[in-house]
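There are 2 protein chains.
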Amino acid sequence: MDAEANPQERLATALSARLADVDGLIRERMASEHAPRIPAVSDHLIGAGGKRIRPMLTLAAAELCGYRGRHDAHLAAAVEFIHTATLLHDDVVDESRQRRGRPTANLLWDNKSSVLVGDYLFARSFQLMVETGTLRVLDILSSAAATIAEGEVLQLTAMSDLATGEETYLRIVRGKTAALFSAAAEAGGVIAGARDEVTRALFTYGDALGIAFQMVDDLLDWQGTEVIGKNAGDDFRERKMTLPIIRAVAAADDEERAFWTRTIAKGRQEDGDLEQAARLLERHGALASTRKAALGWAERAQAALKILPATELRDILHDLGDYVVMRIR
Amino acid sequence: MDAEANPQERLATALSARLADVDGLIRERMASEHAPRIPAVSDHLIGAGGKRIRPMLTLAAAELCGYRGRHDAHLAAAVEFIHTATLLHDDVVDESRQRRGRPTANLLWDNKSSVLVGDYLFARSFQLMVETGTLRVLDILSSAAATIAEGEVLQLTAMSDLATGEETYLRIVRGKTAALFSAAAEAGGVIAGARDEVTRALFTYGDALGIAFQMVDDLLDWQGTEVIGKNAGDDFRERKMTLPIIRAVAAADDEERAFWTRTIAKGRQEDGDLEQAARLLERHGALASTRKAALGWAERAQAALKILPATELRDILHDLGDYVVMRIR
Numbered sequence: 001m002d003a004e005a006n007p008q009e010r011l012a013t014a015l016s017a018r019l020a021d022v023d024g025l026i027r028e029r030m031a032s033e034h035a036p037r038i039p040a041v042s043d044h045l046i047g048a049g050g051k052r053i054r055p056m057l058t059l060a061a062a063e064l065c066g067y068r069g070r071h072d073a074h075l076a077a078a079v080e081f082i083h084t085a086t087l088l089h090d091d092v093v094d095e096s097r098q099r100r101g102r103p104t105a106n107l108l109w110d111n112k113s114s115v116l117v118g119d120y121l122f123a124r125s126f127q128l129m130v131e132t133g134t135l136r137v138l139d140i141l142s143s144a145a146a147t148i149a150e151g152e153v154l155q156l157t158a159m160s161d162l163a164t165g166e167e168t169y170l171r172i173v174r175g176k177t178a179a180l181f182s183a184a185a186e187a188g189g190v191i192a193g194a195r196d197e198v199t200r201a202l203f204t205y206g207d208a209l210g211i212a213f214q215m216v217d218d219l220l221d222w223q224g225t226e227v228i229g230k231n232a233g234d235d236f237r238e239r240k241m242t243l244p245i246i247r248a249v250a251a252a253d254d255e256e257r258a259f260w261t262r263t264i265a266k267g268r269q270e271d272g273d274l275e276q277a278a279r280l281l282e283r284h285g286a287l288a289s290t291r292k293a294a295l296g297w298a299e300r301a302q303a304a305l306k307i308l309p310a311t312e313l314r315d316i317l318h319d320l321g322d323y324v325v326m327r328i329r
Numbered sequence: 001m002d003a004e005a006n007p008q009e010r011l012a013t014a015l016s017a018r019l020a021d022v023d024g025l026i027r028e029r030m031a032s033e034h035a036p037r038i039p040a041v042s043d044h045l046i047g048a049g050g051k052r053i054r055p056m057l058t059l060a061a062a063e064l065c066g067y068r069g070r071h072d073a074h075l076a077a078a079v080e081f082i083h084t085a086t087l088l089h090d091d092v093v094d095e096s097r098q099r100r101g102r103p104t105a106n107l108l109w110d111n112k113s114s115v116l117v118g119d120y121l122f123a124r125s126f127q128l129m130v131e132t133g134t135l136r137v138l139d140i141l142s143s144a145a146a147t148i149a150e151g152e153v154l155q156l157t158a159m160s161d162l163a164t165g166e167e168t169y170l171r172i173v174r175g176k177t178a179a180l181f182s183a184a185a186e187a188g189g190v191i192a193g194a195r196d197e198v199t200r201a202l203f204t205y206g207d208a209l210g211i212a213f214q215m216v217d218d219l220l221d222w223q224g225t226e227v228i229g230k231n232a233g234d235d236f237r238e239r240k241m242t243l244p245i246i247r248a249v250a251a252a253d254d255e256e257r258a259f260w261t262r263t264i265a266k267g268r269q270e271d272g273d274l275e276q277a278a279r280l281l282e283r284h285g286a287l288a289s290t291r292k293a294a295l296g297w298a299e300r301a302q303a304a305l306k307i308l309p310a311t312e313l314r315d316i317l318h319d320l321g322d323y324v325v326m327r328i329r
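Protein chains in written order, with this note's numbering: chain C, 1 to 329; chain R, 1 to 329.
Chain C extracted, bound-state conformation (with noise of 0.2 Å):
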């Protein structure tokens, strides 16, 4: 074990027989013998690198529960399946240009293969899972999926709406990135058979490391980042109610509700209006409380890891919380 290496590198290093698992069978399902645009349009999505953190969480907790079998590779597969399902039609909601540093695929064939692509992966997603064998998996699987959809359509009406609160924000978070990881990891339990306290503890370490990371990436979109086909200020310019600015709106007084009257509710934006947020969310501190939000989520994802045997995948697991968090120290 390479001890330069982060926690994700380790973690695929410490899962690599089961990762390749994994990856056969993304290719031999995501096919199509009829509709070869199917695994082109796939292809580019999956086959661009993505870091399989969620296939790796469900692979992790069945084996910190145990499990020997063979079903948790179809399990992480459908993990995948319904994640790249939701990037698909992510980038159509979103009209996005770029996804992993590359063209998104509404951009390089049309919204229409993204829509039916991401409907075809969803659906095979569900036939994986029923391979398991595990009715549970499913009741899980598919009510973090109507989360997920719930929290996109939420972020539709609620965002660019200066009423919104902690509370919906949370649950658009669950659905942008929590519900799916804590799905994943709960799932990896229930397929080893663990029981309630353990799966429980699995589903919260899922969705705080979730809700951490999401912050965290509102956070970053305050300093700039390196990530390409990200620029520091999006957010705002795409008028979204982020904790940062939630607070900000929180504590404002007349004059600055005004400017995100203006700014984000009506999406008048001039010049030298992100100058003047980061002022305003600088003025009430509104980055160190989402950051102090952000580290504790994440304290609160290792302290569930605890009911677990405490073997070297704990110790990663326990150190990826740290590592999510790791950009805003």
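It is worth saying that the hints were derived from the structure and are not from the lab.
Keep in mind that this is a model prediction, so the values were computed, not measured.
No residue lacks a Cβ here, since even glycine has one placed at the ideal position from N, Cα and C.
Be aware that a few hints might be false.
Here's a subset of chain R near chain C, in silico, CB distances under 7 Å, partners left out [unchecked claim]:
#: 1; residue: Ser32
#: 2; residue: His34
#: 3; residue: Arg37
#: 4; residue: Lys112
#: 5; residue: Leu116
#: 6; residue: Asp119
#: 7; residue: Phe126
#: 8; residue: Leu135
#: 9; residue: Glu152
#: 10; residue: Met159
#: 11; residue: Gly165
#: 12; residue: Glu166
#: 13; residue: Leu170
Here are the in silico distance ranges between beta carbons for each label pair [what the hints assert, rightly or not]:
#: 14; chain 1: R; residue 1: Gly193; chain 2: C; residue 2: Arg27; range: 46 to 52 Å
#: 15; chain 1: R; residue 1: Lys266; chain 2: C; residue 2: Met326; range: 42 to 48 Å
#: 16; chain 1: C; residue 1: Leu162; chain 2: R; residue 2: Arg102; range: 30 to 36 Å
#: 17; chain 1: R; residue 1: Arg102; chain 2: C; residue 2: Asn6; range: 52 to 58 Å
To list a few chain R residues with every Cβ distance to chain C over 12 Å, as calculated [to be verified]:
#: 18; residue: Gly118
#: 19; residue: Arg136
#: 20; residue: Glu167
#: 21; residue: Thr204
#: 22; residue: Gly233
#: 23; residue: Asp271
#: 24; residue: Gly285
#: 25; residue: Leu313
For this one, chain C is given, so just place chain R on it according to the hints.
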């Protein structure tokens, strides 16, 4: 029972008690406490008075196989949700403006809402299936969902392609209509614990009925219909390789082939082309042979019913076979 009623109405009357349960479940499960746009969009489509033919196939199959539980309603609601989800996504893919005589959801709201609410209903449908406690219905309906998406992708790429043959056509038709008909009927038998021979017959009934239905649609496109939002020749203008055109192309001489290449493959259509296309179909008997094929599938559907107990419900399903092709008799 009203002797004048058509088989669809008779089916609704015979199943009215169970249908009320299905409608109750549909209302309950399409709700979203947090994202009111979800029931708004769903209800726009579901409330517009679809004929509930697919859920009725599920209910009828379950009853014919002696089912006495309550989960047939969950299964039937799941089938209707999958159908509604595919309609929402189809209208985005086809850029449709009208459905069931009303403006489409993508027009009233936006493509985003149609994509995401479709995803939500799809997820909810799997939750409903989980409640039946029967993995095999999840297998059947997830496979049907994959066939539907695959057929739609195939339609994107194979239509306007003069090389499209009858095998590909059948695959597309199964995706558009027959896959959900057959899955709806088969799953109804499965939930009732029917033996394999019976569930296979139910599959065949739904499959053949769906294919006949789609072929009738292809034919009516050449006759003009009273259906709101569809005019004679729409398929030709949209360059779709429907069965009549596939058969006319197969029999075309060089000059005719040049006509089809220009109008379908290249899409350069002029005044008078629709009339010329109709003449070519007539010359090669393509409408007559498509009509014969549709009648053959309707008969196949009816023949599959013989294995079921001879009840009034079975008679109605039999008459539904006649009803589907009545418009071309």
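Hints, one by one, checked against the model:
| no. | hint | verdict |
| --- | --- | --- |
| 1 | Ser32 | holds (5 Å) |
| 2 | His34 | holds (6 Å) |
| 3 | Arg37 | holds (5 Å) |
| 4 | Lys112 | holds (4 Å) |
| 5 | Leu116 | holds (5 Å) |
| 6 | Asp119 | holds (4 Å) |
| 7 | Phe126 | holds (4 Å) |
| 8 | Leu135 | holds (6 Å) |
| 9 | Glu152 | holds (5 Å) |
| 10 | Met159 | violated (12 Å) |
| 11 | Gly165 | violated (12 Å) |
| 12 | Glu166 | violated (14 Å) |
| 13 | Leu170 | violated (11 Å) |
| 14 | R/Gly193 / C/Arg27: 46 to 52 Å | violated (37 Å) |
| 15 | R/Lys266 / C/Met326: 42 to 48 Å | violated (56 Å) |
| 16 | C/Leu162 / R/Arg102: 30 to 36 Å | holds (33 Å) |
| 17 | R/Arg102 / C/Asn6: 52 to 58 Å | holds (53 Å) |
| 18 | Gly118 | violated (8 Å) |
| 19 | Arg136 | violated (8 Å) |
| 20 | Glu167 | violated (9 Å) |
| 21 | Thr204 | holds (21 Å) |
| 22 | Gly233 | holds (23 Å) |
| 23 | Asp271 | holds (29 Å) |
| 24 | Gly285 | holds (29 Å) |
| 25 | Leu313 | holds (30 Å) |
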